[in-house]
Amino acid sequence: MPDFVPASLLWAETQLGRLAGLFAVLGSIALLGLTLITVVAVFWRYVLNDPIFGLEDVSSMSMTVVVAAAVAFGAYHGAHVNVSVIKFFAGRAITRFTDALARSIGFVIVGIATYAVFTKGTCGLECGAITNNLSIVHTPFYFVLGFALLAYALLLFLQLLIGLAHWRSEDPNEPAD
Amino acid sequence: MDTSIIAMIGFAFLFLLLFIRVPVGLAMMAVGTGGIYLIRPQASIPVLAGEIFGESSNYSLTIIPLFMLMGNLAGVSRMSRDLYDAAYSWLGHFRGGLASASIVGCAGFSALSGSSLAAALTMGRVSLPEMQRFNYDNSLSTGAIAAGGTLGILIPPSAGFVIYALLTEESVGQLFIAGVLPGVLLTILFVLTVWLVVTHSPAKAPQSGGRATIRVRVESLARASWIIGIIMITIGGIYAGAFSAVEAAGIGAFLALLVCILRKALTWPNIVDVAISTLKSTGTVFLILFGAFVFKTFVGFTGIAFDASLWVEAQGFSSFQIVLAILVMFMILGTFLEGFAILVLTVPLAQPILEALGINMVWFGVLIVIALEMALISPPVGINVFVVKGIAPNVPLNTIFRGIWPFWLAMLVAVIVVLLFPPIALYLPNTMF
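Protein chains in written order, with our numbering: chain A, 1 to 177; chain B, 1 to 433.
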């Protein structure tokens, strides 16, 4: 018989799915921007022989948005690889414990990373966290990364709770091969 | 506590975390942060934040999402189909021609995509139904696709080379160009493998069709000229010194986008598909990179790599013996660890040893990437095999793994050839502008 999963967990999962979708939109726009910036840089440099100063900075910061979005979106869609050797040695009776432990550890380290990124990002201009050419302050980009990591941390916590709720049945978020 | 002991405990913990299925990037991040905390407590949080932001905003790494985007756009624009058709028209009449065409198609697609998974998936979707239609043996057809897909990380652009370049501070452009001739060599070896398998067991590949006329062959080649043109501009541009690797990636992605628009392939479902695939692949690589660089800093703090290089020097091992030992270790690790995980775990340790022995790191990079390809198809966790399983759900995993062994041996031959004849990897980088 399937275990009982509280409706609040399912609701939270839906909301995180929406958040992942928002990250996907943000990331896609930034990716398109990144492509166009690179093309513009090449055109101005090689065809017009007039390189645009500082475009590399804009590329780097666009890239931060792409990466933040990709990490959060990838997390929701199971893109982060793990090594699934354990399944050759143990069945669900064991993996329900190890998966819970793995998610707890994952939640803690991503939580610490979120804290680290927000803390360092807050310092901003005072700490000299600006780009080399255009002096773009890093703070907002640290924050985008921080929110992406926060979303990942929440997802791991949610998957931990859902895994515990499915203790006696199959885990819907079983790590993929 | 002695830093070497902390390093040993760190490695043990890392393997434990990997064993219980903590995502690779997070496992390295956890051990790296914890290890740094034990050695220099004040540094752990700033290093963690600094490495995450540093890799996210690293200009050289913009190459990864851009080349992923280019490969995915090539997939939806049906350029992969054109490539396969061209290969089929030239090779299809040979025995095993469909399998050979799949491999050549994979090699061509690999020149547009840095991902072996994308190459296996895209060409597999095109070529597997054809091989099944002509009653090819399942082991041969799936094995050819899984192995052919691995060319994605050897033939430039290659995500494997980008990560290796980042870890060793070598030039991405040089590594890309170094992968060209070994990639061609491996493609030829794979085609030869198909020929050998089919000669030994003709029933595995029934005759699939007659010889195409010259007109058909030229027409198919003309249809594939889009993809060939993009490859020439991007990879040729890097070789000729016209573009940096990042610029080539941006131009390649833009050209692939233009081809999609011209071919009216930029439909909403395709846009969503491309965006999702690119973001997922990018997310996969970057989480590993975050963890890898935190872990690399931890390894640096322990000084274990330097100790290891002193130990190797004291033992008097030759450079050939060391390279051989690392490659064997790589192949063994490949049977149970994910390829990129092996790369980011071993390269920071191996680099000081190799550099002390005067080994060319570009040549070693090519060797290690071929070994990485072997990991991608080695049982039980060969990730390409699971990709092929995804597009051939009716074929048992055992059958796929059985079909892979001849190709695995071909890779071993490629490793030996590049090991014995370094100019195969180094000739083009040494002549590039």
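For the record, the hints were derived by calculation from the structure and aren't laboratory data. Since this is a predicted model, take the numbers as computed values, not measurements. Check each hint, because a few of them may be wrong.
Stated by the list, open to error - Some chain A residues flagged as far from chain B (calculated, every beta-carbon gap over 10 Å):
| id | residue |
| --- | --- |
| 1 | V5 |
| 2 | L31 |
| 3 | L48 |
| 4 | F53 |
| 5 | E126 |
| 6 | L164 |
| 7 | E170 |
As the list claims (entries may be wrong) - Computed beta-carbon distance windows for the label pairs:
| id | chain 1 | residue 1 | chain 2 | residue 2 | range |
| --- | --- | --- | --- | --- | --- |
| 8 | B | P423 | A | A93 | 50 to 60 Å |
| 9 | A | F43 | B | R263 | 47 to 57 Å |
| 10 | A | S104 | B | Q207 | 55 to 65 Å |
| 11 | A | L22 | B | G229 | 53 to 63 Å |
| 12 | A | H77 | B | G229 | 47 to 57 Å |
| 13 | B | G241 | A | I130 | 30 to 40 Å |
| 14 | A | N132 | B | S4 | 34 to 44 Å |
| 15 | B | S4 | A | Q15 | 22 to 32 Å |
The C-beta atom is built at its ideal place from N, Cα and C for all residues, glycine as well.
Between G241 of chain B and I130 of chain A, does the C-beta distance stay in 30 to 40 Å? Since the Cβ atoms of G241 of chain B and I130 of chain A sit about 32 Å apart, the hinted range of 30 to 40 Å holds.
Given a hint of 55 to 65 Å, does the C-beta separation of S104 of chain A and Q207 of chain B actually sit inside it? holds, 58 Å
Beyond 10 Å from chain B, beta-carbon-wise, is L164 of chain A? holds, 16 Å
Taking the minimum C-beta separation from E170 of chain A to chain B, is that value above 10 Å? holds, 15 Å
That 50 to 60 Å hint for P423 of chain B and A93 of chain A (C-beta), does it hold up? holds, 55 Å
Do the beta carbons of N132 of chain A and S4 of chain B sit within 34 to 44 Å of each other? holds, 37 Å
Assertion that F53 of chain A lies farther than 10 Å from chain B (Cβ): holds, 15 Å
Does 53 to 63 Å hold as the CB distance between L22 of chain A and G229 of chain B, or does it fail? violated, 37 Å
Should the label of L31 of chain A as a non-interface residue stand, given a Cβ cut-off of 10 Å to chain B? Nearest chain B Cβ is 6 Å from L31 of chain A, so the label is violated.
Please settle this one: E126 of chain A was flagged as non-interface, so is its CB more than 10 Å from every CB on chain B? Holds: least Cβ distance 14 Å, greater than 10 Å.
According to the definition I'm using, a residue is off the interface if its beta carbon is farther than 10 Å from all beta carbons of the partner; does V5 of chain A meet that for chain B? holds, 21 Å
10 Å Cβ clearance of L48 of chain A from chain B: Holds: least Cβ distance 15 Å, greater than 10 Å.
In the structure shown, a violation is registered for the earlier hints numbered 2, 9, 11, 12, 15, in ascending order.
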